[in-house]
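All chains, please: the whole structure from these sequences, using the hints.
So in our numbering, spot 251 of the sequence shown is number 254, and the numbers just go up one at a time.
These are computed hints drawn from the structure, not numbers from a lab.
Some hints here could point you the wrong way.
[Stated by the list, open to error] Simulated restraints on C-beta separations: (1) G291 to R246: 54 to 64 Å; (2) N427 to E293: 25 to 35 Å; (3) A334 to R192: 36 to 46 Å; (4) W362 to A334: 21 to 31 Å; (5) F210 to A334: 36 to 46 Å.
[Claimed, not checked] Pairs of lysine-lysine residues, derived as DSS-like cross-links and limited to a Cα-Cα distance of at most 25 Å, are as follows: (6) K231 to K220; (7) K238 to K157; (8) K45 to K282; (9) K220 to K161; (10) K161 to K254; (11) K229 to K157.
What you are looking at is a predicted structure, and each value in this text was computed from that prediction instead of being measured.
Glycine included, C-beta positions come from ideal geometry on N, C-alpha and C.
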Amino acid sequence: MTMERARMELHPPNDKLLLVFLTLMIHGVGTLMPWNMFITAKSYFVDYKLSQNYTGEQSEYGTYFLSYVGFASQIPNLLFNWLNIFMNLGGNLTKRIVYSILIEVIVFVVTVVLAMIDSSDWPGAFFWITMITVVILNMAGGIYQNTVYGMVAKLPFKYTGAVVLGSNISGTFASIISILSSQFASSVRTAAIYYFITAMFVLLLCFDTYFALPLNKFYRYHEMLKEKEAETHKKAGIDVDGRPPFWTIFKQAFPQLFNVFFTFFVTLAVFPAVHSDIKRSSPDFVIGDELFVSITCFLTFNLFAMLGSLTTSWVTWPKPKHLVWPVVIRAVFLPLFLFCNYRPLGIERLLPIYINDDWVYWGIAVLMAYSSGYLSSLGMMYAPQSVESHHAVTAGMFAAAMLITGIFSGILFSMVFPLIVRTNFLEWLH
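Below is the structure:
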């Protein structure tokens with residue numbers, strides 16, 4: 004036993020200045036940065052690069068851009084999240100995190116270059132190059148996100164909450180940068196360049212802070228506890244280095260894995276596809292048309308999801324056994340958003356609008372976002388606790404994979420809503 008190890012066992016170190024908490028929060032920002040940057044930059048792609056005014060031709064690329072980005076983002080993310088649990092994708096945790104961040108930075112460099120050059124004569128090629136970059140970005144992002152949740156499972160459970168909080172801050176950050184760049188940049192192109200360069204700097208910050216973690220005594224202490232626990236299990240004849248019992252871990256953690264899945268399913272069924280197509284009902288509403296979607300949809304969702312995540316640092320209610328009830332009750336948001344002034348592009352709405360008040364719609368949006376951040380944080384924090392401690396890393400990875408599965412399923416389900424509003428299904432019920 005080294006002197007440092009003996010000292011740490013006698014006097015367990017604290018997380019001074021919350022450095023480890025803040026570092027993991029930064030990594031939470033980084034894990035969802037690619038997804039948030041591309042969906043929040045919708046106007047750059049749809050109203051500029053793929054618009055009829057810029058390209059001189061009408062195409063479906065802009066109309067279905069968010070759907071295409073959703074699939075290009077989440078299919079590789081989903082695939083690599085699950086593969087990362089069962090397969091050794093590139094060695095230890097450090098290699099996985101380092102290489103995945105570097106790939107993401109390179110892809111953002113390509114995205115900035117695409118923003119700088121004139122692509123008006125080749126909109127189809129621009130669209131498919133963008134989709135390929137999104138696929139590569141999210142292959143790397145899937146490994147990065149899953150590995151971070153596995154890594155943080157070694158620490159006290161509030162540190163998993165730090166990663167979830169960071170992922171929600173990521174959306175708020177992307178929304179604010181989007182609004183500021185659009186207001187102060189001289190053109191949409193310049194705004195996009197600033198916007199994507201900012202994402203690169205955030206990822207480079209994640210890269211730097213990752214290497215600072217092993218220098219922190221608090222982090223080293225908890226790694227030491229895991230090593231000590233592994234030694235104890237080995238002496239007791241428990242194989243901790245072999246292949247984990249995946250099915251046993253999945254069954255034990257399933258209640259919390261379902262909570263994570265269903266929370267994100269409901270959220271992504273509504274946001275951003277339905278949420279961003281809700282129009283202002285009153286011409287006198289305090290927010291004008293130009294910023295209505297940016298503020299009531301993207302900024303509101305990301306800000307209040309962040310606040311919901313932050314709340315779990317002080318309040319953890321309900322307890323694991325009862326978390327499923329508020330998670331399932333959230334399904335009420337699906338019809339509520341449909342009853343707002345939801346106007347999908349190119350669809351004639353026949354379903355009556357029951358919520359015509361912009362303030363009521365905004366209140367529903369706040370509740371949906373806050374509950375999403377709060378309940379998803381609890382589920383992610385409870386999942387590693389629901390299994391034996393030496394299986395916590397695998398349970399954390401399962402939770403991250405279920406998070407992405409919920410996102411992907413929600414995006415798929417959101418495509419049903421335009422079909423629902425074009426038919427007045429309520430008449431069939433009478």
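Here is how each hint holds up against the structure:
| no. | hint | result |
| --- | --- | --- |
| 1 | G291 to R246: 54 to 64 Å | 58 Å, holds |
| 2 | N427 to E293: 25 to 35 Å | 31 Å, holds |
| 3 | A334 to R192: 36 to 46 Å | 41 Å, holds |
| 4 | W362 to A334: 21 to 31 Å | 23 Å, holds |
| 5 | F210 to A334: 36 to 46 Å | 39 Å, holds |
| 6 | K231 to K220 | 16 Å, holds |
| 7 | K238 to K157 | 21 Å, holds |
| 8 | K45 to K282 | 16 Å, holds |
| 9 | K220 to K161 | 18 Å, holds |
| 10 | K161 to K254 | 23 Å, holds |
| 11 | K229 to K157 | 7 Å, holds |
When the structure is compared with the earlier hints, no violation turns up for any of them.
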